[in-house]
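*Asks:* One letter stands for each residue in the lines below.
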Amino acid sequence: MSTLTALARAQAYADGRAQPIATVRHLHVHPRPLVLIPLAMAGEAHAPLAALVGAERSAPRLLIVAQPRNRDHRFAFAAELAGIVLPYVDSFTAATEAVAVDRGRDVRHRFTDAPQLWVPNTGGVDFLRLFGRSTRFRSIDGEYAVPPSVPLLGRWLTFFAHAAEMPGSSLLLNAVQALGLHWATGQSGAEDAQLAALLAWISPPPGRTGAEAARAAEDPALSPPAGPATDPAFDNHVLAPLMSTAEPDVAALTEVLRAQLLPTWELMWRTLDLLRELPAGARVAGRWDSDRDTYSGFVQHLAEGGPPQPRRDGAVAAAARLHRLESAATRYAVQRAFDDPLVMAEYRLVGAAFAGEVTLANADRIDDTGKRPVLRPRIMVVTGEPVRVEPGATLTSPQRPSQKALVISVTAAGADRTEVLLELSGGMGRKLVAEPGSVPAVGERVLLTTLSEAYRPGGAFPDPDQTPWTHGGPPPAFTPGSEQADQ
Amino acid sequence: MTAGLDRLRGGTPPKRHNARTIAALTGNPGCTRRAVLDAAGVDKPKLAQRIGFPGSFGQSRFALARGNGFEAMLKADDCALLRKVLTECLQLDAAGGYDDLGEDDDDTLTARHRRTRELLAGAAGAALIDHPLLTLDVAGQRVFLEPDLIALQIEGRLHVVEIKSFAIVDGQADSAKVSAAAVQAAVYVLALRRLLAELGHDPTLVSHDVVLVCTENFSLQPAAVVLDVRKQLSTLQRQLARLASVSELAAALPGSVSFDLALGPADLTAALRHVEARYAPECLSACELAVYCRHEAAGSTAALGRPVRDALGGVDTVAEALALAAGTAEPAEDQVEAAALLRAAARLRAELA
Ligand code: SF4
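Listed in order, the protein sequences are those of chains A and B. The first sequence: position 329 = 329 (UniProt numbering), numbered continuously. The second sequence: position 120 = 120 (UniProt numbering), numbered continuously.
Think of the hints as simulated: they come from the structure by calculation, not from any bench. The structure presented is a predicted model; accordingly, all values stated were derived computationally and were not measured. Wrong hints could be hidden among the right ones.
[As the list claims (entries may be wrong)] Sample of chain A residues lacking proximity to chain B, with all beta carbon distances greater than 12 Å (derived):
(1) Pro20
(2) Pro87
(3) Phe92
(4) Gly189
(5) Asp231
(6) Glu277
(7) Asp368
(8) Gly443
[To be verified] In silico SDA-like links for lysine to any residue, alpha-carbon gap of 25 Å or less:
(9) B:Lys177 / A:Arg69
(10) B:Lys75 / B:Gly52
(11) B:Lys177 / A:Asn236
(12) A:Lys404 / A:Ala441
(13) A:Lys404 / A:Ala361
(14) B:Lys177 / A:Pro220
(15) B:Lys75 / A:Ala221
(16) B:Lys177 / A:Gly189
(17) B:Lys46 / A:Asp126
(18) B:Lys46 / A:Ser425
(19) B:Lys46 / A:Asn236
(20) B:Lys84 / B:Leu101
(21) B:Lys177 / A:Asp126
(22) B:Lys177 / B:Leu240
(23) B:Lys46 / A:Pro220
(24) B:Lys177 / A:Asp313
(25) B:Lys177 / A:Glu165
(26) A:Lys371 / A:Ser425
(27) B:Lys177 / A:Ala193
(28) B:Lys177 / A:His162
(29) B:Lys177 / A:Gln177
(30) B:Lys177 / A:Glu218
(31) A:Lys404 / A:Leu432
(32) B:Lys46 / A:Leu222
(33) B:Lys177 / A:Pro224
[Stated by the list, open to error] In silico contact screen, one side only, chain A against chain B (beta carbon under 7 Å); selected entries:
(34) Met1
(35) Ala45
(36) Arg311
The C-beta atom is built at its ideal place from N, Cα and C for all residues, glycine as well.
When you get a sec, could you build the whole thing from the sequences and use the hints?
*Replies:* Here is the structure:
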């Protein structure tokens with residue numbers, strides 16, 4: 001944890017209220033998200049018990065499984081859930097837009113919008129992943145046939161669960177993580193995992209401190225857990241008596257499960273309200289564009305009759321995926337810092353970024369030592385912040401992201417002042433005279449960082465069917481219906 | 001048990017240990033309070049309740065029912081299914097006898113332990129020994145362990161078999177559950193090894209490879225995996241060794257300190273304050289006293305979690321950290337660097353947040 005965030009936690013504790021750790025919103029909040037709160041049956045291997053789901057705050061739909069150990073009931077639940085999720089994910093395919101690729105030599109099309117799922121916590125994400133796993137290979141004919149919508153639902157849930165692993169993606173979000181990205185509470189991360197307690201710190205009810213409200217929210221009788229695990233006391237005293245009969249009373253079950261889920265439903269929409277109040281970061285839209293690409297690609301994959309996601313990635317796919325995740329994580333971290341001065345402050349604190357004032361500027365300096373003369377202005381920046389960069393390093397400024405600043409020298413000037421001499425290139429137009437405003441002027445406050453948004457080329461991986469034998473050889477092709485007896 | 005520890009508990013009989021409670025000892029090894037209470041066999045959940053800070057460590061009936069059902073299925077027909085999955089997993093033939101030493105019952109403790117010793121001393125042929133009764137020395141006291149375990153004696157070696165009803169999906173399981181199972185299994189391995197040593201056998205006949213039998217994917221079909229618990233064993237041994245010194249600690253406590261549950265809440269709380277705690281948020285899921293200790297630790301940086309405390313330069317209290325950040329407190333010699341960082345952070349937050 002950064003000192004900055006830790007200090008925010010300390011301040012939150014002292015103030016009795018959560019403190020902001022971001023000045024902008026770092027994720028896309030969809031105008032019509034699908035909120036999904038799953039509950040799992042305790043002890044069963046990821047068997048659903050109930051779900052409250054919907055894209056409208058005023059119209060949550062409750063799905064329940066009266067006999068979670070009964071296979072038919074489970075698949076009826078899956079079919080019902082598919083009846084809500086599939087029309088929702090299909091509702092974004094109406095309009096496409098052309099995107100230039102290959103430096104404008106070609107175009108491809110993507111949908112102008114994409115779906116967005118919200119679950120309460122990482123447990124909810126895991127539940128969707130495993131529920132996707134348990135349904136996507138189901139056969140739609142033969143002895144254990146399920147409706148065609150069930151394996152399709154499984155493939156969509158798997159798609160969302162995979163997307164959630166990609167740093168910066170907003171296709172499947174969880175409320176706890178989304179809030180934690182923007183606020184620091186005065187309690188521990190372990191306690192933050194409980195959505196009700198987390199929200200209590202962020203927006204306590206009038207007349208109460210966040211700490212008081214959070215303690216109250218820990219009582220499962222007052223704030224039922226946000227799932228997927230249920231409160232054991234609820235299981236033992238409410239659910240068990242209702243379920244122990246051969247013919248469970250569905251109406252009664254529906255009622256108690258709704259009561260368990262409705263408080264969390266409210267919290268989910270409050271989470272969305274809180275996040276919507278924050279202005280979106282400048283790079284959020286760009287990341288949502290990538291999400292729309294991913295979505296468009298998957299719709300196309302399905303339309304072309306592509307196979308379901310494999311149980312486990314083959315060696316090549318796993319390596320390529322890991323590489324994508326790593327570069328997404330780096331890109332996301334850099335983008336957040338560029339979008340948000342409060343995030344950038346964490347880098348300033350450790351000397352990977354510094355803010356200072358321009359004291360000298362030679363805006364029309366020409367370097368003519370090479371074949372052609374080039375424009376290479378130099379500026380001197382003086383800062384009182386720690387500077388941990390060496391001559392020869394290349395810096396960037398969020399104010400001028402397309403411009404590079406090469407460090408020529410770093411000199412201590414007095415007790416805690418440092419002079420950094422920089423040579424600029426790029427982002428100044430094509431002429432030998434810099435475009436007005438493209439070179440920082442004397443007196444301007446600038447921020448410079450070693451972080452860079454520069455594109456990093458991906459690794460080269462062989463085709464899956466060229467997987468070397470040392471890595472298990474090519475993965476086997478998918479054969480439908482291979483998992484009939486799985487449950 | 002030493003007299004010093006016994007006295008702490010007052011009139012109540014000691015709470016019995018099982019692998020779960022012993023495994024939990026490794027949870028917060030730095031905490032003296034827990035070590036003393038556990039060594040003295042104090043009923044922590046009752047204590048927490050008595051002082052008005054009950055925890056919620058309930059277990060769902062559904063989870064218990066499924067666990068029992070799974071175990072019964074494995075053991076049906078002379079352990080047919082269990083033998084099958086063990087044979088596949090260990091690549092050894094798990095045929096041979098099956099001895100069930102019986103259910104949890106206080107009256108038969110010694111008899112069961114004797115039977116266990118006999119069976120293990122015999123050490124001939126392959127055999128499944130269910131509910132063996134083991135003992136382990138915890139803080140100078142000999143505790144009976146009532147393992148829900150099967151010891152598989154095969155080709156002269158003993159393997160601990162743990163049955164858990166959580167699922168392994170596509171070769172992967174919840175890592176928290178697997179590591180909890182590994183620590184528990186390590187407790188059994190240790191107890192079995194000590195028993196063999198007492199019987200004059202080579203303790204390493206008990207393998208550090210334990211077998212975890214779980215459910216597979218979304219079915220009730222069993223899947224077995226081998227876990228190497230060497231790491232857990234050494235942690236456990238270290239913690240048990242540390243606990244052994246606890247009796248001295250307990251003896252040094254003032255004579256008035258007692259956790260006799262017949263005492264009033266105020267007296268019990270006062271007694272607790274005599275024994276140092278080391279609260280961390282992890283306690284919330286590991287120790288029944290956590291709600292009380294959290295309350296007591298309010299205002300400490302440790303209560304916000306180790307990463308927060310470290311990032312605040314290891315300063316003890318929130319108030320102190322904030323004072324250093326605001327520049328209103330003079331840093332101690334070893335705090336100078338941390339204080340400078342906190343001041344810089346405070347300036348940045350004031351500028352931007
Ligand atoms: S809850 Fe208290 S007694 Fe238990 S381990 Fe934590 S600090 Fe020690």
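*Asks:* With reference to the structure, classify each hint as holding or not holding.
*Replies:* Cross-check of the supplied hints:
1. Pro20: violated, 6 Å
2. Pro87: Correct as stated: the minimum Cβ-Cβ distance to chain B is 26 Å, above 12 Å.
3. Phe92: holds, 30 Å
4. Gly189: violated, 6 Å
5. Asp231: violated, 8 Å
6. Glu277: Its Cβ never comes within 12 Å of chain B, the nearest being 16 Å, so this holds.
7. Asp368: holds, 41 Å
8. Gly443: holds, 19 Å
9. B:Lys177 / A:Arg69: holds, 22 Å
10. B:Lys75 / B:Gly52: Judged against 25 Å, a Cα distance of about 43 Å means the pair is violated.
11. B:Lys177 / A:Asn236: Roughly 22 Å separates the two Cα atoms, so the pair holds.
12. A:Lys404 / A:Ala441: holds, 16 Å
13. A:Lys404 / A:Ala361: holds, 15 Å
14. B:Lys177 / A:Pro220: Within the cut-off at roughly 23 Å; holds.
15. B:Lys75 / A:Ala221: violated, 38 Å
16. B:Lys177 / A:Gly189: Given pair Lys177 of chain B, Gly189 of chain A holds - Cα atoms ~20 Å apart, limit 25 Å.
17. B:Lys46 / A:Asp126: Since the Cα atoms of Lys46 of chain B and Asp126 of chain A sit roughly 35 Å apart, the hinted pair is violated (cutoff 25 Å).
18. B:Lys46 / A:Ser425: violated, 71 Å
19. B:Lys46 / A:Asn236: holds, 20 Å
20. B:Lys84 / B:Leu101: Distance ~22 Å between Lys84 of chain B and Leu101 of chain B Cα, so the pair holds.
21. B:Lys177 / A:Asp126: holds, 15 Å
22. B:Lys177 / B:Leu240: OK: Lys177 of chain B and Leu240 of chain B at ~22 Å, within 25 Å.
23. B:Lys46 / A:Pro220: holds, 20 Å
24. B:Lys177 / A:Asp313: Between Lys177 of chain B and Asp313 of chain A the Cα gap is close to 24 Å, so the pair holds against 25 Å.
25. B:Lys177 / A:Glu165: holds, 22 Å
26. A:Lys371 / A:Ser425: Holds. Lys371 of chain A to Ser425 of chain A sits at ~16 Å (cutoff 25 Å).
27. B:Lys177 / A:Ala193: holds, 18 Å
28. B:Lys177 / A:His162: Since the Cα atoms of Lys177 of chain B and His162 of chain A sit roughly 23 Å apart, the hinted pair holds (cutoff 25 Å).
29. B:Lys177 / A:Gln177: OK: Lys177 of chain B and Gln177 of chain A at ~23 Å, within 25 Å.
30. B:Lys177 / A:Glu218: holds, 23 Å
31. A:Lys404 / A:Leu432: holds, 16 Å
32. B:Lys46 / A:Leu222: Holds: Lys46 of chain B and Leu222 of chain A sit about 23 Å apart, inside 25 Å.
33. B:Lys177 / A:Pro224: holds, 23 Å
34. Met1: Constraint on Met1 of chain A satisfied, holds at 4 Å.
35. Ala45: With a minimum Cβ separation of about 4 Å from chain B (threshold 7 Å), the hint on Ala45 of chain A holds.
36. Arg311: The hint holds - Arg311 of chain A has a Cβ within 7 Å of chain B, the shortest such distance being about 5 Å.
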